[in-house]
Amino acid sequence: MARMTAPVLALRDIRKTFGGVVAVEDFSLDIHPGEIVALVGDNGAGKSTLIKIISGVHPPTSGALTIDGADVTMSSATMARAHGIEVVYQDLALADRQSVYMNLFLGRERVRNRLGLLDRRAMIAETARLVEELDVRIPSPHAIIRDLSGGQRQGVAIARATHWARKLVLLDEPTAALGVAETARVEEIILGLKARRIGVLMISHSLDQVFRLADRICVLRRGRQIGVRRTAETDKNEIVAMITGVASGVE
Amino acid sequence: MSGTVQDTRRNPARRIDWQQHVVYLGFLAIFVFFAVVLRDTGFLTVRNLSNIVLQTAPVTIMAIGLVFVLSAGEIDLSVGSTVAVSALSAAVALNGWGLVPGVLAGLGAGLLIGAFNGALVAWLRLPSFLVTLATMGLFAGVARSLTDLRSIPVTNGAFTGFFGSGTLFGIPSLVLWTVAAVAFGHLAFRETRFGAHVLATGDNPRAALVSGIRVPRVRLAVLTLSGGLAGLAGLLYAGRLQAAKYTLGETDLMTVIAATIVGGTLLNGGKGSIVGALVGSLMMGMLNNGLILMGLSVSDQMIVRGFIILVAVALSLREKAS
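Read top to bottom, the protein sequences are chains A and B.
Quick note, the first sequence lines up with residues 1 to 251 if you use our numbering.
Quick note, the second sequence lines up with residues 1 to 322 if you use our numbering.
Since the hints were derived computationally from the structure, they do not count as laboratory data.
Only true hints are included.
Per label pair, the in silico range of CB-to-CB distance:
id	chain 1	residue 1	chain 2	residue 2	range
1	B	L130	A	V22	37 to 43 Å
2	A	R108	B	A314	34 to 40 Å
3	A	V246	B	R206	34 to 40 Å
4	A	G150	B	T247	49 to 55 Å
5	B	S165	A	R114	33 to 39 Å
For clarity, every value in this text was computed on a predicted model and none was experimentally measured.
C-beta: ideal position from N, C-alpha, C; glycine also.
Input sequences plus hints: build the corresponding full structure.
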């Protein structure tokens, strides 16, 4: 397999039904290392279902999921994580009353021995390093999540995903709840993932943001994959037409 | 170390963490109050003060269990009934088969009741409030029927020494049990992965789940632990009183919850303190002792205790609103 072009994640003919309802069908997509792919579409288009399929929450009804060229069947979020896939959920999935460093290591705490004694020093040091590296501006690794601003929380959630993701980060509306300045900060952090050769698949409702960040744009409508465009080779009019299905002549 | 380096700029008012200090201030205030008011009645004697510590041992041990349970976002209302069933089981087994079977029966009964609660909460996803409300009544009934409302004498000298009136190097065994339970509880709660998972589960169960924490197992574990510690409390009651009766632990529930919450543990999970629960428990014991020495009737004592609990709950819920 070619080294530079091997996708971290390849989806082939993914189909997902809930009862008799088709949520996603005929979905195929490759994501390469260091590539940002945006998933756009109206409400109910199947974007979140797709994220859940990739993150192991809802296994697909049919279709193949390949990670680094190997077929995998993912039946739980734990398995997805073991494969190097991390998700930043819309609600961030942070424990609000705990510290930043405990959240970064939530469920994967560093311990010193078999008894499970926490290695706080190591967790704090690693958090400080990561926060510095990603330029997430929080007062301290000890800060309690509920005392942070929305942007800071988002930064913590992305930092956590970045820290653990070896291959792919899934972002569900990463800046939906943020102001302008905070959005800019979070976008910088996302671009930082690209530099680390991590693949990124993000859902966003802001086309401006999609055009700022994404290398390719994948459009979903009512569970169907309408098309994938290189950001450099398309414009907002075409994408909007694909999302709404209003303009004629779109596949 | 942790929890002190925090951003105080954003909202200074919120960062004064009253729950962490209210129990120590309250403890001091009540101590000083009684020391002054009751200076002629022997409140300040070593004998009386050590009595308070000895009498609160079972409540402290139950409160340690409740810190884990509340921090995980659950509650255990059945601790009082568990104490009675455990003490009676221990007494019957002691008289029939001796020391070790007696101890195992007492602890085993507590662990089983706790595991029963935990299984219903973890796997059937029933709310712990309702489950333990039901088992509180259920096992109170079991305790009554187990011995036909009779009191069972506990005469095994080794048992009463170990769990009651005995001493080691001059230190009463009840104090040693308290210290050991607090030390182990604090270590497990603050310094282990298990403790971190308990806090995460109570703080945000969904986040805990997607982070790979086995949330049902945590819920089972905390309720089993609470049952086991209530079992130990039952042994301590049986050892100290040299008898077991269905009334043991009957009125402890309110005291245990109050001690835990005054001690800085949140009713809705994600935050707790073992040392706080110890001080809260000693405070409740001191309050009982002082109110009796002041000559208050049982009903007046209940009223005053009820007020203290109200204040504690109010302080606990204030954080939630912010």
